[in-house]
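Student: Those protein sequences? They're chains A and B, same order as listed. Take the first sequence: its position 22, counting from 1, is numbered 22 in this note's numbering, and each next residue is one higher. Going from the second sequence to this note's numbering is simple: count from 1 and add 1000.
Keep in mind that the hints are not guaranteed to be accurate.
Computed far set for chain B versus chain A, every beta-carbon distance over 12 Å [claimed, not checked]: (1) Leu1004; (2) Gly1040; (3) Lys1088; (4) Arg1095; (5) Lys1106; (6) Asp1119; (7) His1145; (8) Ala1146; (9) Asp1152; (10) Arg1161; (11) Pro1171; (12) Leu1259.
No more than 30 Å apart at the CA atoms, straight line, and that leaves these computed lysine-lysine pairs for DSBU-like [claimed, not checked]: (13) A/Lys48 / B/Lys1086; (14) A/Lys58 / B/Lys1183; (15) A/Lys39 / B/Lys1183; (16) A/Lys48 / B/Lys1223; (17) A/Lys39 / B/Lys1202.
Think of the hints as simulated: they come from the structure by calculation, not from any bench. C-beta: ideal position from N, C-alpha, C; glycine also.
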Amino acid sequence: MVVRVRVRNAETGATVDMELEMENTVEEIIEGVSAYWEKDPGAYVIRKGRRLLRGQQKVQELDVQANEELELIPDPEGGNR
Amino acid sequence: MAELIRPGERDEDRHDRTRLIPWVDMDRVSSSNVLVVGAGALGNEAVKDLALFGFRHVDVLDMDTVVRSNLSRCVLFREGDQSSGKGKAPLVAERARGLCPDIDVKAIEGKVQSLGPDDMRRYDVILGCLDNVAARLHLNANSYHARVPYVDGGTDGFRGRVQAVVPPFSPCLQCGMNRSHFKVLERRFSCTGQDTVFYQPKMAAEITTTSIIAAVQVREAVKILSGRSAITHVMHYDGLAGTSEVFALDIDPGCSNHLSAKLS
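All chains, please: the whole structure from these sequences, using the hints.
Tutor: Laid out in structure tokens, this is it:
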């Protein structure tokens, strides 16, 4: 089974649709859209509504609906320089 | 006998206006022991806020010395500090005492990796003002095992995040990390296989976001110490949009910190 979701780039507002298998993981979503948008190397997280998704969660665990929007957010790691 | 008061005496109390906030437990704030890890941009702001808020027992840890490019974000550093040879931690401690003479600030010059759970247990709350995943993971794991609340801050340009970890009930930093974080970690270790600073990418940073993120960290510390709930669980700040949102995070059942907590 395949579900199509929309992923928004929090930094630019751009969106891309992505077809996901139930076995795909959140980490695979992050890597897929990061490569598509040629993101700088860095840490990112995905949010679904008001919840951050864990990297190893599979799509089948996410209760994601067709055409639902997820968002890719940079996870800032600086602050001591 | 009636209590004797004098006109204007309330203005003699440095913290009178803070005491007007009913939920803030100033006795707890002033008696608690706080560890600030990192005396750079976030650490400067955090210590400044802790001193002004009324914290009286603060330890500051850092292994670095000041470079001139720190001066655009570090309120406690001064022109000339970069050539003084003094470490960031002693400078922050010295300047915090200038802000508030009755604060007891101790500088610890060293790496966060030198601290274990026994060291963490001396504190009531720990603030992470760091700039890399490896140090965060160390502080996160050791404070979690010591059952000490940990408030982590991070910035990148006009973006920032704060996560409040209150063991044993809340998810920890590691629960929210994924392969992208560990790739960042691998790059840091990629030169020699040991934790080095040979490869340390320069990250965008500026004072306005630094101030906001450090202020939220200190406010979360005040909330935790005053018996209020901390944010649940991660605040992301977008300075360009002028927005901040708090996102919930689940405990990762595979996270080593939670597995070992169950076993102990």
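Student: Are A/Lys48 and B/Lys1223 close enough, with their CA atoms no more than 30 Å apart?
Tutor: At roughly 27 Å apart (the allowed maximum being 30 Å), B/Lys1223 and A/Lys48 satisfy the hint.
Student: Is A/Lys39 close enough to B/Lys1183, meaning Cα to Cα at most 30 Å?
Tutor: Status holds; Cα separation ~14 Å.
Student: Any Cβ of chain A at or closer than 12 Å to B/Lys1088, or is the non-interface label fine?
Tutor: At roughly 9 Å from the nearest Cβ of chain A, B/Lys1088 sits no farther out than 12 Å, so the non-interface label is violated.
Student: Does the no-contact call for B/Lys1106 survive, Cβ to all of chain A over 12 Å?
Tutor: B/Lys1106 is indeed farther than 12 Å from all Cβ atoms of chain A, at 19 Å.
Student: Taking 12 Å as the cut and beta carbons as the points, is B/Asp1119 off the interface with chain A?
Tutor: 19 Å, holds
Student: A cut-off of 12 Å on Cβ-Cβ distance, and B/Arg1095 was said to be off the interface with chain A. Does that hold?
Tutor: For B/Arg1095, whose nearest Cβ neighbour in chain A is about 17 Å away, the distance exceeds 12 Å, so it holds.
Student: Check the non-interface label on B/Arg1161: least C-beta distance to chain A beyond 12 Å or not.
Tutor: 5 Å, violated
Student: Given the hint that A/Lys39 pairs with B/Lys1202, test it: the Cα-Cα distance must not exceed 30 Å.
Tutor: 16 Å, holds
Student: A/Lys48 and B/Lys1086: Cα distance at most 30 Å?
Tutor: It is violated: about 46 Å lies between the C-alpha atoms, which goes past 30 Å.
Student: Taking the closest pair, is the beta carbon of B/Leu1004 still more than 12 Å from chain A?
Tutor: 49 Å, holds
Student: Please verify that the nearest CB of chain A lies beyond 12 Å from B/Asp1152's CB.
Tutor: Non-interface label fails for B/Asp1152: nearest chain A Cβ at 9 Å, not farther than 12 Å.
Student: Beyond 12 Å from chain A, beta-carbon-wise, is B/Ala1146?
Tutor: 22 Å, holds
In summary, the numbered hints that this structure violates are 2, 3, 9, 10, 11 and 13.
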